[in-house]
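Q: All chains should be modelled from the sequences, with the hints used to inform the complete structure.
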Amino acid sequence: MHSEPEIRQALREWILGKARDLDPAALTDTTPLFERRYLRSLHVPELLLLLERLRGEPIDVEDLGAGDFRDIDTLLAKFGPARAAS
Amino acid sequence: MTVTVSAGLSSIGLRWYETGQAGLSGPLLRLAEECDRAFRTLASVWEAADERHPSALPAERLQRLDYLHSFPHQATFPARLDPAHLDEFLAGEPVTESGAVDLTPLAPVTSVLTPAACYHLYHAHEGSSFSAPVYLTTRNTCYRHEERYEPLRRQWAFSMREIVCLGTHDETEAFLAQARAVVDEFLGLLDLPVAWPTATDPFFRPRDNPQYLMQRLQPSKHEATYGGDLAIASVNLHHDHFGAAFGLRRAGRPVNTACLAFGIERWLWAITDRHGLDPSDWPSPAQAAVTVATRTVAREVQL
Numbered sequence: 001m002h003s004e005p006e007i008r009q010a011l012r013e014w015i016l017g018k019a020r021d022l023d024p025a026a027l028t029d030t031t032p033l034f035e036r037r038y039l040r041s042l043h044v045p046e047l048l049l050l051l052e053r054l055r056g057e058p059i060d061v062e063d064l065g066a067g068d069f070r071d072i073d074t075l076l077a078k079f080g081p082a083r084a085a086s
Numbered sequence: 001m002t003v004t005v006s007a008g009l010s011s012i013g014l015r016w017y018e019t020g021q022a023g024l025s026g027p028l029l030r031l032a033e034e035c036d037r038a039f040r041t042l043a044s045v046w047e048a049a050d051e052r053h054p055s056a057l058p059a060e061r062l063q064r065l066d067y068l069h070s071f072p073h074q075a076t077f078p079a080r081l082d083p084a085h086l087d088e089f090l091a092g093e094p095v096t097e098s099g100a101v102d103l104t105p106l107a108p109v110t111s112v113l114t115p116a117a118c119y120h121l122y123h124a125h126e127g128s129s130f131s132a133p134v135y136l137t138t139r140n141t142c143y144r145h146e147e148r149y150e151p152l153r154r155q156w157a158f159s160m161r162e163i164v165c166l167g168t169h170d171e172t173e174a175f176l177a178q179a180r181a182v183v184d185e186f187l188g189l190l191d192l193p194v195a196w197p198t199a200t201d202p203f204f205r206p207r208d209n210p211q212y213l214m215q216r217l218q219p220s221k222h223e224a225t226y227g228g229d230l231a232i233a234s235v236n237l238h239h240d241h242f243g244a245a246f247g248l249r250r251a252g253r254p255v256n257t258a259c260l261a262f263g264i265e266r267w268l269w270a271i272t273d274r275h276g277l278d279p280s281d282w283p284s285p286a287q288a289a290v291t292v293a294t295r296t297v298a299r300e301v302q303l
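Heads up: the protein sequence lines correspond to chains L and E, in order.
By the working numbering, the letter at position 53 of the first sequence is numbered 53, and the numbering carries on one by one without gaps.
By the working numbering, the letter at position 40 of the second sequence is numbered 40, and the numbering carries on one by one without gaps.
It is worth saying that the hints were derived from the structure and are not from the lab.
Glycine included, every Cβ here is placed at the ideal spot set by N, Cα and C.
Among the hints, erroneous ones may be present.
[What the hints assert, rightly or not] Listed next, with one range per pair, are the computed distances between beta-carbon atoms: (1) D68/L x D229/E: 25 to 35 Å; (2) G56/L x E173/E: 35 to 45 Å; (3) L49/L x D281/E: 50 to 60 Å.
[Said to hold, decoys possible] To list a few chain E residues with every Cβ distance to chain L over 10 Å, as calculated: (4) E126; (5) T141; (6) A157; (7) L176; (8) L213; (9) M214; (10) H239; (11) T294.
[Unchecked claim] With a cut-off of at most 30 Å between alpha-carbon atoms, the simulated DSS-like pairs for lysine-lysine come out as follows: (12) K221/E x K18/L; (13) K221/E x K78/L; (14) K18/L x K78/L.
A: Structure follows, in C-alpha cells:
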C-alpha cells in the first residue's frame with residue numbers, strides 16, 4: 001500500500017497527464033476535476049483502476065456516490081490509505 | 001391489479017398490444033394530445049422553437065454518442081430485405097406459424113429507430129455556432145426494447161416531448177432549475193405528487209461504462225417520480241457531451257446542453273391513477289400549463 005503523500009503525488013501526475021490544458025500551478029488539492037471538465041467520463045474507468053492500484057484494494061462501483069471524485073482531497077478521503085485501513 | 005386498471009383504461013380508449021405498443025382513441029387520445037399541448041405551452045416560457053423530425057436516426061451519428069455500446073439491448077433497427085435475395089424470400093412462406101418473418105439476407109442496416117427525441121435536435125443542427133442560448137422543443141415516437149412491458153408505463157414505442165437548452169454551463173444550469181420549478185408548479189395544479197430522485201440511465205453492463213460511472217459520481221439526471229416508481233418527467237444535464245459530438249459551438253467551445261423530457265403515455269397513467277377513469281374528474285393540463293407559463297413569465301418581467 002502507498003502512503004498518502006505518494007497517492008497524492010501519483011494522482012496529481014496522472015491528472016496533469018490527462019488534463020492537457022490544466023496549468024500545473026493551477027491544480028490544487030481542491031480543484032474540481034470533473035466539474036471544471038479537466039477530466040471527463042472517459043477518464044473514470046482508468047482513474048478507478050489507478051485508485052485500486054494505489055490503495056491496494058478493489059472499489060465496488062455500486063458504492064460510488066455523488067462528488068466522490070470531486071478533487072484530490074476528496075479522492076484521498078474516500079479512497080486513500082486511511083479508509084483502506086478502516 | 002394491472003389487469004383491472006388495463007380493463008378500465010380500455011374503456012376510455014386504450015388498445016394494448018403485447019409487443020409493447022399502445023393505440024389510443026376517445027378520452028385517452030384527447031388527454032394525450034392535451035398533455036402535449038400543455039408541454040408546448042410550458043416550452044413557451046423559454047420561447048422554444050418547435051421542430052418535427054423523422055422516425056429514425058443514422059446509426060453513424062448515434063454511435064458518435066457510443067449509443068450502441070451503451071444501450072445495445074434497447075436498440076431497434078429499421079431493416080429491409082436485400083433486393084438481391086427477394087426471389088429467395090418469396091420462395092418460402094414470408095411469415096412462419098410463430099409470427100416471425102422468415103428473413104432472407106437483409107440490406108445494410110444504417111439507421112436506428114429514435115431512442116430519445118432530443119437526439120434529432122443535435123443531429124439536425126450539427127456544425128452550428130450560437131451566440132446566445134437557444135431553446136428548442138420536439139416530440140417523437142421513441143423505441144426502446146424492454147424485458148417486459150406494461151400499458152402506458154413501460155412500452156417499446158412511446159411518445160416523448162422534450163425541451164432542450166443549448167447554451168453555456170451557467171445557462172443550462174439555470175434552465176434546469178427553472179424547468180424543475182415550472183414542472184413542480186404544473187404538477188401542483190394537476191394534484192400529481194412526485195419526488196425528484198437522482199437517476200441513472202439503463203446502461204448495458206453499467207459497471208464497465210464510463211458514462212454510467214459518471215452519472216453516479218456526478219448526478220446529471222433527476223426524475224419526477226409519481227407513485228414511487230414511475231418517472232413521468234426528467235431533467236438532464238449533458239454538459240458538452242452532445243456539443244462535442246455534433247460540432248455545436250458557443251464562443252469557440254462545444255456548447256453545453258440540457259433537456260426537460262416528458263413521457264406522454266406515463267402522464268396518462270398518472271392522471272387516471274390519481275383522478276380516476278371519468279374524464280369529467282380530470283384536471284385540465286392545458287389550462288394548468290397556461291397558468292404556469294403566464295405566472296413564470298410575469299415573475300421574470302418583475303425581476
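Q: With reference to the structure, classify each hint as holding or not holding.
A: To see whether the hints hold, each was checked on the structure:
Distance hint for D68/L and D229/E: a CB-CB separation of about 26 Å, consistent with the stated range 25 to 35 Å. One distance hint, 35 to 45 Å for the beta-carbon pair G56/L and E173/E, holds here, with the actual separation near 38 Å. Between L49/L and D281/E the Cβ separation comes to about 57 Å, which falls inside the hinted range of 50 to 60 Å. The claim that E126/E is not at the interface with chain L holds, since no C-beta of that chain comes within 10 Å of its own (minimum 21 Å).
At roughly 29 Å from the closest C-beta of chain L, the C-beta of T141/E stays outside 10 Å, upholding its exclusion from the interface. Taking the minimum C-beta to C-beta distance to chain L, about 29 Å, the non-interface status of A157/E holds against the 10 Å cut. L176/E, annotated as away from the interface, keeps every beta carbon of chain L farther than 10 Å; the closest lies near 15 Å. A Cβ of chain L approaches the Cβ of L213/E within 10 Å, the least distance being about 4 Å, so the stated non-interface status is violated.
In this structure M214/E is not separated from chain L by more than 10 Å, as the shortest Cβ-Cβ distance comes to only about 4 Å. The Cβ of H239/E does not lie farther than 10 Å from every Cβ of chain L; its closest approach is about 7 Å, which violates its non-interface assignment. The Cβ of T294/E lies farther than 10 Å from every Cβ of chain L, with a closest approach of about 35 Å, so its non-interface assignment holds. Between K221/E and K18/L, the direct Cα distance comes to roughly 26 Å. Compliance with the 30 Å bound is thereby established for this hinted pair.
With a C-alpha separation of about 23 Å, the suggested pair K221/E and K78/L falls inside the 30 Å cut-off, and the hint holds. At roughly 21 Å between alpha-carbon atoms, K18/L and K78/L fall within 30 Å of each other, so this suggested pair holds.
Comparing the model with each earlier hint shows violations of hints 8, 9 and 10; every other hint is respected.
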